[in-house]
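*Asks:* Here's the letter readout for the chains.
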Amino acid sequence: DAGITQSPRHKVTETGTPVTLRCHQTENHRYMYWYRQDPGHGLRLIHYSYGVKDTDKGEVSDGYSVSRSKTEDFLLTLESATSSQTSVYFCAIRPGQANTEAFFGQGTRLTVV
Amino acid sequence: AQSVAQPEDQVNVAEGNPLTVKCTYSVSGNPYLFWYVQYPNRGLQFLLKYITGDNLVKGSYGFEAEFNKSQTSFHLKKPSALVSDSALYFCAVRSNNAGNMLTFGGGTRLMVKP
Chain A
593 DAGITQSPRH
603 KVTETGTPVT
613 LRCHQTENHR
623 YMYWYRQDPG
633 HGLRLIHYSY
643 GVKDTDKGEV
653 SDGYSVSRSK
663 TEDFLLTLES
673 ATSSQTSVYF
683 CAIRPGQANT
693 EAFFGQGTRL
703 TVV
Chain B
-13 AQSVAQPEDQ
-3 VNVAEGNPLT
7 VKCTYSVSGN
17 PYLFWYVQYP
27 NRGLQFLLKY
37 ITGDNLVKGS
47 YGFEAEFNKS
57 QTSFHLKKPS
67 ALVSDSALYF
77 CAVRSNNAGN
87 MLTFGGGTRL
97 MVKP
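Going line by line, the protein sequences match chains A and B.
Residue numbers for the first sequence follow our numbering, beginning at 593 and rising by one.
Residue numbers for the second sequence follow our numbering, beginning at -13 and rising by one.
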């Protein structure tokens, strides 16, 4: 899948615990995105990055933070997980050229109990 | 703010018949438009895109899409559906003057019956 690895692939965690999801790419693409997928809502953008240390909020960023200290890694952190954050999380990457499409990872299924 | 609407949660079609999955969008500036497909327990796979030029865009697996600027639509089509086309389809838009945000519709489940 276009040189994207998400880890872990599955995780069950308890309410109130911190959780970090990792997206790693081997394509050296400029843009990286975190989405969540929920039934009836499609994919909603959480945060995205347009370069090392350059990030911005998406439409559902509350309760999430991100970091990108290296081109290849984009971390999504839930500081204190809640049941409403149970979802499937997808990372995507895109080259810097304007007319390019994004490529998606396999997803991480997170369950908060 | 940019947005995408996929008005049908599910589309049912018989194998061999033509299929259409609808998408309308709202964006400032000129749109970049995309279709993705998702099979069960998998990530999204890119099907096709419209950037500029011909309004009819051809993509993977025999799919095509028609860009209509006046109707702000980008409907996905295929002349003859296969059972293996059954999946979840997403339309997405990005503005050519915003650069970064890629916004998806809610998805349409395509069911092709033998």
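Everything labelled a hint here was simulated from the structure, so no lab data went into it.
Do not take every clue at face value.
If you only want the chain B side, here are some residues facing chain A, beta carbon under 7 angstroms, derived [stated by the list, open to error]:
| hint | residue |
| --- | --- |
| 1 | Gly15 |
| 2 | Asn16 |
| 3 | Tyr25 |
| 4 | Gly29 |
| 5 | Lys35 |
| 6 | Ile37 |
| 7 | Phe49 |
| 8 | Leu68 |
| 9 | Phe90 |
| 10 | Gly91 |
| 11 | Gly93 |
| 12 | Met97 |
Residues of chain A placed beyond 10 angstroms of chain B at every Cβ, according to the derived structure [stated by the list, open to error]:
| hint | residue |
| --- | --- |
| 13 | Gly595 |
| 14 | Pro610 |
| 15 | His621 |
| 16 | His633 |
| 17 | Leu635 |
| 18 | Arg636 |
| 19 | Leu637 |
| 20 | Asp648 |
| 21 | Leu667 |
| 22 | Ser676 |
| 23 | Gln677 |
| 24 | Ala684 |
| 25 | Asn691 |
| 26 | Glu693 |
| 27 | Gln698 |
Have a look at the derived ranges for each label pair, beta carbon to beta carbon [stated by the list, open to error]:
| hint | chain 1 | residue 1 | chain 2 | residue 2 | range |
| --- | --- | --- | --- | --- | --- |
| 28 | A | Lys645 | B | Gln(-4) | 22 to 30 angstroms |
| 29 | A | Asp646 | B | Ala(-9) | 26 to 34 angstroms |
| 30 | A | Val705 | B | Asp(-5) | 25 to 33 angstroms |
| 31 | B | Gln57 | A | Gly688 | 25 to 33 angstroms |
| 32 | B | Ala(-9) | A | Thr674 | 45 to 53 angstroms |
| 33 | B | Lys63 | A | His633 | 32 to 40 angstroms |
| 34 | B | Gln57 | A | His633 | 18 to 26 angstroms |
| 35 | B | Gly15 | A | Glu606 | 26 to 34 angstroms |
| 36 | A | Asp646 | B | Asn(-2) | 30 to 38 angstroms |
| 37 | B | Asn54 | A | Ser672 | 31 to 39 angstroms |
| 38 | B | Asn27 | A | His633 | 28 to 36 angstroms |
| 39 | A | Ser672 | B | Pro100 | 47 to 55 angstroms |
Glycine included, C-beta positions come from ideal geometry on N, C-alpha and C.
*Asks:* If a hint holds in the structure, say so; if it does not, say that too.
*Replies:* Cross-check of the supplied hints:
1. Gly15: 11 angstroms, violated
2. Asn16: 11 angstroms, violated
3. Tyr25: 11 angstroms, violated
4. Gly29: 4 angstroms, holds
5. Lys35: Holds. Min distance 5 angstroms.
6. Ile37: 4 angstroms, holds
7. Phe49: Cβ of Phe49(B) sits 14 angstroms from chain A, so the hint is violated.
8. Leu68: 23 angstroms, violated
9. Phe90: 4 angstroms, holds
10. Gly91: OK, holds: Gly91(B) within 7 angstroms of chain A, min 6 angstroms.
11. Gly93: OK, holds: Gly93(B) within 7 angstroms of chain A, min 5 angstroms.
12. Met97: 16 angstroms, violated
13. Gly595: 13 angstroms, holds
14. Pro610: Label holds. Min Cβ-Cβ 25 angstroms, cutoff 10 angstroms.
15. His621: The claim stands: His621(A) keeps its Cβ more than 10 angstroms from every Cβ of chain B (closest is about 13 angstroms).
16. His633: Violated, since 6 angstroms does not exceed 10 angstroms.
17. Leu635: 4 angstroms, violated
18. Arg636: Not fine: 8 angstroms to the nearest Cβ puts Arg636(A) too close to chain B.
19. Leu637: At roughly 6 angstroms from the nearest Cβ of chain B, Leu637(A) sits no farther out than 10 angstroms, so the non-interface label is violated.
20. Asp648: Given that some Cβ of chain B is not farther than 10 angstroms from that of Asp648(A), nearest at about 7 angstroms, it is violated.
21. Leu667: 18 angstroms, holds
22. Ser676: 18 angstroms, holds
23. Gln677: Given a closest Cβ separation of 19 angstroms, the condition holds.
24. Ala684: 8 angstroms, violated
25. Asn691: Incorrect as stated: the minimum Cβ-Cβ distance to chain B is 4 angstroms, not above 10 angstroms.
26. Glu693: Violated, because the least Cβ-Cβ distance between Glu693(A) and chain B comes to about 5 angstroms, which does not exceed 10 angstroms.
27. Gln698: Incorrect as stated: the minimum Cβ-Cβ distance to chain B is 5 angstroms, not above 10 angstroms.
28. Lys645(A) / Gln(-4)(B): 22 to 30 angstroms: At 43 angstroms between Cβs, range violated.
29. Asp646(A) / Ala(-9)(B): 26 to 34 angstroms: At 30 angstroms between Cβs, range holds.
30. Val705(A) / Asp(-5)(B): 25 to 33 angstroms: The hint (25 to 33 angstroms, Cβ to Cβ) holds, given that Val705(A) and Asp(-5)(B) are roughly 29 angstroms apart.
31. Gln57(B) / Gly688(A): 25 to 33 angstroms: 31 angstroms, holds
32. Ala(-9)(B) / Thr674(A): 45 to 53 angstroms: Given range 45 to 53 angstroms: violated, Cβ gap about 29 angstroms.
33. Lys63(B) / His633(A): 32 to 40 angstroms: 25 angstroms, violated
34. Gln57(B) / His633(A): 18 to 26 angstroms: 25 angstroms, holds
35. Gly15(B) / Glu606(A): 26 to 34 angstroms: 44 angstroms, violated
36. Asp646(A) / Asn(-2)(B): 30 to 38 angstroms: Check failed, 44 angstroms falls outside 30 to 38 angstroms.
37. Asn54(B) / Ser672(A): 31 to 39 angstroms: 46 angstroms, violated
38. Asn27(B) / His633(A): 28 to 36 angstroms: Since the Cβ atoms of Asn27(B) and His633(A) sit about 18 angstroms apart, the hinted range of 28 to 36 angstroms is violated.
39. Ser672(A) / Pro100(B): 47 to 55 angstroms: 49 angstroms, holds
In this structure, the hints that do not hold are numbers 1, 2, 3, 7, 8, 12, 16, 17, 18, 19, 20, 24, 25, 26, 27, 28, 32, 33, 35, 36, 37, 38, in rising order.
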